[in-house]
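Peer 1: Chain by chain, the residues:
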Amino acid sequence: MKNAKTSLILKTLCYIFIPIFLVVFLANVVVGVVLAKEPNVFSSKNVYETQEFANIYYGELNSLYNQITDVSRIVEENGNNSVQDEEMYYYSMHYDEYVNDNNEKIIYNLSTYYDVDFDFVVVDTENNIAYTNLAVTSNKNNIESLVQYVKNEKVAYWNFADGNTESNINNLQKENVAYSDRLYEWMKTNNKYEVYTTLNDSNGTYGNFWELEVLYNIMQPIAEGPYLINIIISLILLTICITYLVSALGYKKDHKGIYLNWIDKTPLEIIITLFCFGLFIVVWIVNSFTSHTSLLYNAVGAISAVTLLYVLIAIALSTVIKRIKAKVLIKNTLIYKIIVWTKKLTQELFKNTKLIVKLFILYGGFVFIFFIVMMMSASYYDIGFPMFLLFVLVVLVFIKLYNYLKNLYKIKTAIKKIYEGNNEIILNPEEMKGELRDVAIYVNDIAGGLSNAIEESIKSERFKTELITNVSHDIKTPLTSIINYVDLLKQEKVENEKIKEYIQILDQKSQRLKKLTEDLVEASKASSGNVKLEMEKINIIELIKQATGEFEDKFNEKGLKIVTQIPENEVNILADNRYIYRVIENVFSNISKYALEGSRVYIDVTKKDKKAIVIIKNISKESLNITAEELMQRFVRGDKSRTTEGSGLGLSISKSLTELQNGTFDIQVDGDLFKVEITFDLV
Amino acid sequence: MYNILVCDDDKEIVKAIEIYLKKQGYNVYKAYNGNECLQVLKNNNISLIILDIMMPEKDGIETLNEIREEYNLPVIMLSAKSEDQDKIEGLNLGADDYVTKPFNPLELIARVNSGIRRYTSLGSKSEEESSLIYRTGDLIINDDTKEVTVDGKEIKLTPTEYNILKFLTKNKGIVYSIDKIYENVWEDEAYGADNIIAVHIRHIREKIEIDPKNPKYLKVIWGIGYKIESFSK
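In order, the protein sequences belong to chains A and B. With my numbering as the guide, the letters of the first sequence map in order to residues 21 to 703. With my numbering as the guide, the letters of the second sequence map in order to residues 59 to 291.
The hints are simulated quantities; they were obtained by calculation from the structure and are not laboratory data. Hints should not be assumed to be uniformly reliable.
[As the list claims (entries may be wrong)] Ranges between beta-carbon positions, derived for each pair: (1) A:I466 <-> B:A168: 58 to 64 Å; (2) B:N200 <-> A:I646: 54 to 60 Å; (3) B:E264 <-> A:Q688: 52 to 58 Å.
Where is the CB? At the ideal position from N, CA and C, for every residue including glycine.
Working from the sequences, and respecting the hints, build out all of it.
Peer 2: The following block contains the structure:
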């Protein structure tokens, strides 16, 4: 199938056969139509026996009558060779006159407005005048020889003499001539005219008889054949050829897709212009060749005109089909190219122009067009067209503005999303134009850069956590031995006070190392989000009661008094119960270590703006010479907030864990006042 | 005299544990990897195993699997990993207890004692079952004598602590908020901001649990309430 489409031979054959099939089809159709109207028209042996021929001959005889009537009147009125020019001109009349020795007047080479297509001699027996369209020659210089000449020609004839008609044409006898007809005047018995007419071969280079004869000779064999079957077969073959050609057009061997030659690459407008020019040539050929009397000229003219027309149509249609197939029908037009080129040029021009210049050009253009329209409306009588133009302009500007604002809003939305921390929104710059397109591209780049950076930092956080976890595992094993053996040492009875003191220090420090390792792992997990949360509904009031219960003894030891201000109803939030306790536990643990002995600890729980707020305040034992930020960034900073007790990681862990559970954890330091504020969304 | 098998690739740790256990009057067998552990177990009448997870050749988890195929004795897992996930894995495989390194020697001893008591006294008290006895796992409350025992060891509680523990054990597996516990134990309406129940419960935990921060029986669900864990056996 693929090979068939690329075959050049098949295509050439199609180009040749399509016109042949088309002619066969049309000829058979015409024959069919003619036969449907007159079923017996082709039953005669030759054209002279047909009714059509008789009708034409009859019409010609009528014309002849008119001609002779006019000529004879002029000839009789003048009586000599002086001719009334005006009247002769009126009848397009021309003739020569000859008078022979027998005093016969012969009007010959007769030609008038009513020219006839056969040879004739009409004899005025009363006045001894013969009218003929033949030429007078030495052997045809009297009436008898002329009549004899006409009588000798026997292809088709019609003679009238002495009240009798003589003809080999059926239906053209005297009895068939209507009484009302002008020809009847000749056939009355008292008529002075004798008429001799004949159609010979030399008469018919063109004219009615010739056309009929040609048509008849072509159509008769067709009519004798199976024309209905011919119609069907030729139609089928035509359809096959055209279908094949249309589908195979544009495919070429060893060429992918549609092959376009130089004709197909020429802009469509040029092809259309050339096609129209070709049509003019066809018309010219038809006009100049077919009006000639020569059969050869006619044939050459007709054939070349038809061939040229066919070639023109074939080229035009095939290139249009190929263009449609290659989807370049519109693209390969001058108008399209000009539009694209103009667009590109303006874009190119605008690309590196400053915004203000662009604005001036655009605004100037708008004002210019507006003024032109206004001028037009001033000079036109009909205000409708300029108004229409103005309307179009206004609508166009509106659409431009609308698109601009729409895209601007899209960009704004995207930027807002990025600002809120969602970096996945990506704009489609293809949708936008000009400046906004650049803006969209930059916004995309920023979003991409941010999400990359975030991904990177999450990755490195994970890595850090893994490292810390693994290292801490390795630390724990020797630490176990240290703790155990220090404990064993403690149980030994030692007299030396110094040794006892040293063991005490070893015990403290090994415990601290233990705590530090555990906190380190927890802190790194919390800050990297490497924690599995099971969120559930938590009542903060219950939590505070439980937590204060846990720490009551420790607070009592330091003489700390807890003052709570808590609403009566439940204050519910979503959190993981283990980790929310770790947050509170760390804060309380801090308080139990660093609060001024004998002071009060305030715990307030409030609901505000759909948020649950827990505020824990206490007075610090020692002056807080670091900022709240530094207190919480121990993990990263690691200098100022070092303490002798604990790891100092507690607050940092609390903050990370709170944020993991979608809460906020803030510390405020005001003199000796240490304040923690934890907020969660209420449920 | 009970035989206890200590298995850890760190010889010093094994030795330290041995010292503690001997002080408690236990007989100690030592092994330094999984295969040795199985070998010793085969040849001796062992009552309890302390098994480290991270060991060369055959690790603790693998060894535990093989032990469980034949033996029913208590196993305490020892590990430097403190993540919940590791604990759950160990307990699911059939370990009875889980101690993370670096451990407190006293805690380890307590767990060993508890394990031994459980192992040896299991079933012996079942005939005393009556409507006045509430139990979950090895926590038993005898309401007749007002006696509370954990792993066979008697616990002394104040009357309030006893009432709270009895109420929760009676309704084991159910979580009660502080107010609900108050209403049920005191049979009075709760009057709000008070942490007295929370303090009592901490005291109870300190008495009945080996590690009050990681309780086995009296669980704290922070921000929701308390419950006594329900053990199916």
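Peer 1: Could you tell me which of the numbered hints above are not met by this structure, giving the numbers in increasing order?
Peer 2: As far as the earlier hints go, only 3 is violated by this structure.
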